[in-house]
Amino acid sequence: MRHTLIALVEDRPGALNRVLGLLRGRGLDVHSIAIGESEKPGVKRTTVLVDTEVAGQTIKQLERLIEVLEVTDVTNAQYVVRETALVKIHAPEPRREEIRTVAEGFGARIVGTCPQTIVFEMTDTPDRLGEMIERARGFGACETMRSGSLAMALGASARRADEPAEDVTRPWWSQADGG
Amino acid sequence: MTDIAAPSPFPLSASALPVPASSIPHPASAERTGAQVMCEALLRENVEVMFGIPGGAIMPFYHAMWEYRDQLRHVLCRHEQGAGHAAEGYARSTGKAGVCVATSGPGATNLVTPIANAWMDSTPLVAITGQVSSAVLGKDAFQETDITGITLPITKHNYRVTRAEDLPSVFHEAFHIACTGRPGPVLIDVTKDAQQARVAPDWNVSLNVPGFRPPAGPDARAVREAVRLLSGAAKPLILAGHGVIISGAAAELRTFAERTGIPVVTTLHGIGGFPEDHALSIGMPGMHGWVHVNRAIQECDVLLSIGARFDDRVTGKPSTFAPRAQVIHIDIDPSEIGKNVKVAVAIIADARCALNALLDGMPAADPIAETPSRNSVTWLRNIRETQATHQHRQSYMRRPDTTELMPHDVYAALDAELNDRGNYRVVTDVGQHQMWAAQLIEWRRPRTHITSGGAGTMGFAVPAAMGAAIANPGETIWAIVGDGGFQMTNQELATIRQEGIRNVKIAIVNNGYLGMVRQWQQLFEGRRYSGTPLSGPSFAGLAEAYGLRGFTIDRAEDARDIIRAAWDHDGSTVLDFRVEREANVFPLVPPGSSIGEMITREGAPA
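Residue numbers (the working numbering), protein chains in the order written: chain B, 1 to 179; chain G, 1 to 606.
Wrong hints could be hidden among the right ones.
[Claimed, not checked] Using 20 Å as the maximum straight-line C-alpha spacing, the simulated SDA-like pairs for lysine to any residue come out as follows:
| id | chain 1 | residue 1 | chain 2 | residue 2 |
| --- | --- | --- | --- | --- |
| 1 | G | Lys317 | B | Glu53 |
| 2 | G | Lys317 | B | Val54 |
| 3 | B | Lys40 | G | Phe212 |
| 4 | G | Lys339 | B | Arg2 |
| 5 | G | Lys339 | B | Leu22 |
| 6 | G | Lys342 | G | Arg221 |
| 7 | G | Lys339 | B | Arg24 |
Hints are computed from structural coordinates only; laboratory data are not their basis.
Can you build the whole structure from these sequences, using the hints too?
Here it is as structure tokens:
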């Protein structure tokens, strides 16, 4: 099952390498990863979409890494997810206007043009991006680039790893999966 | 040739004390090289010995080491793998971090096997490697290898240091991480220019590792729940693993077992954590565990696992493991919980803290001691009855038409002599001889049984015994090793000789095969002995060539006398036991089976 994990990772050399290496070493398939500065200096926040049947185990193993400060699985929590895509469409006249109208109907905006092509930027849910890109293919999209999903839980941040679980008599893996 | 009786040029007393910073040659504020800082950082971590081999990129460190040689012993090994395993032997026998040193490139890659071994067996190990100068890093320089990249998945953490001023904090952090929580290997890769640069070191370093949070102590609710489960158990069982030994919890385990009357199983790495001559000790579980132990696991209703990680060699087919049991899992590493076995209660803590909390958690009127011990008298009697039915048939599987020396004769003699004399450690390698040692010697004390369990690294025993011998000069260190494993690292006999190490006794259980593989080929692959017959030199002759004493034994009646002679000989020795070539280790859980389905000889289910 695909899980959306949000990790806080210290910005030390090789930290991202370690995270990806661990997932690879455990035979897990990383669907997307996005990483960037967080609100804390020296700490990066990363969103990882990973296919794992043992999410609780995966989280604990990630948290064993020295640079990983915290991992939250938001898959079953209330969270928002956004992704940005850049889509270059072959748009010579006379189809230019039609393309522009369709793209803007998806909420995409033009960020660059030349006589033969238009580059649109669109930020939305990954599914909506997929629909827009599919449609753009029909116009002869020549290049797409996606940022990977960015996720953020609503409300207060989820349980930290070093806090005791709510109820120790319950198997913890059912808690880790948000159950 | 130097006299074998010559004392070591660098004698090391067992009471070697941490070196006060004041005895370090340089005043704290003076400028010095990065290499000197590395030596002083090691002294500040109370390191007294390191095992290594020099080379181009680590030469500045060796240059500096000379100034500190009275406090910091360097043992020149013959291969970096040997240096790494020697550091592991040192660490496993003392609980302190072992230190190994290598140069860049092949020197560093030769450390990969011991680092992986230390990773699998939770051994505190600090590996120091030289690296090419930062000016040529990434340019495929001579002997350049990305060793931090290579060791990423097999270290707890690793560092590449390119600035001398970072050395004090990196070394302090590395030792802290290697030794704290669940121990493990840490690698420090230092570029040559960082070793050569001059700095005034700032020793006022504070740990800055917010992502490294060993558990503070057991959760009170989890402890209460564990006490409740144990109180209601009719057939409780303790599974004691390596964590008992690492945390120094043998005394607490004994108190807890005696107070509750719960029988104790010790895993391969838990051996010595509970004395096997104790009435509550029932033995080793798993692939080559005893039938009565595996049956007890399959029957128990509450399984209290202390510092064991449910390795597949213990569980067999995991879905069939302990089907009736509610599992209480004590482990310091949260990622072990639920990894292989479903757990009813998890106690995330050091084994000793957890046992103390369980002891404290037991009410004064002590329902645990009441209920289960009443039941556990019957329970233990049932286990002993199964043992009486099976074990005598397991220990001696002598072919009726042979009069040769059986491996079991060697172990009977070793067991008698070890337990008569005491004051020993045993290091075993990997394979048949390792399982026989675990089964046939009666183990009594923590850190007396040291083996490569998780990684199963052949070649571990000889160098690890050497490391244990340096750490424990007043004890006799036996290496028990097969002829296959011995030939993987036997060049360290030269190190043993050069260093004047006198207390290593190497018993080769020599059957002329890679025996464990041959056994599987016999039992499961129609006796197709592909790639397993193995020749070797006269091992006694080889020992003599290295300046050590060698013995060859091929009759059962000589085994005990020669072991005594080797023990009494003032110097390290090699004993070549020429045993029956096709003796097998039984009982055995066939691969992929439940531990309840054992065979006790070829074609014979238990």
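Hint consistency between Lys342/G and Arg221/G [alpha-carbon to alpha-carbon, up to 20 Å]: Holds - the C-alpha atoms of Arg221/G and Lys342/G are around 19 Å apart, at most 20 Å.
Pair hint Lys317/G and Glu53/B, alpha-carbon separation not exceeding 20 Å: This hinted pair holds, its Cα atoms lying about 19 Å apart.
Pair hint outcome, Lys339/G versus Arg24/B [Cα-Cα no greater than 20 Å]: holds (17 Å)
Pairwise hint evaluation, Leu22/B against Lys339/G, where the allowed Cα distance is 20 Å at most: holds (15 Å)
Distance restraint between Lys339/G and Arg2/B, which requires alpha-carbon spacing of 20 Å or less: Roughly 19 Å between the alpha carbons, so the hint for Lys339/G and Arg2/B holds.
Lys317/G paired with Val54/B [C-alpha distance capped at 20 Å]: Within the cut-off at roughly 18 Å; holds.
20 Å limit on alpha-carbon distance, applied to hinted pair Lys40/B and Phe212/G: Since the Cα atoms of Lys40/B and Phe212/G sit roughly 18 Å apart, the hinted pair holds (cutoff 20 Å).
Every hint from the earlier list agrees with this structure, and none is contradicted.
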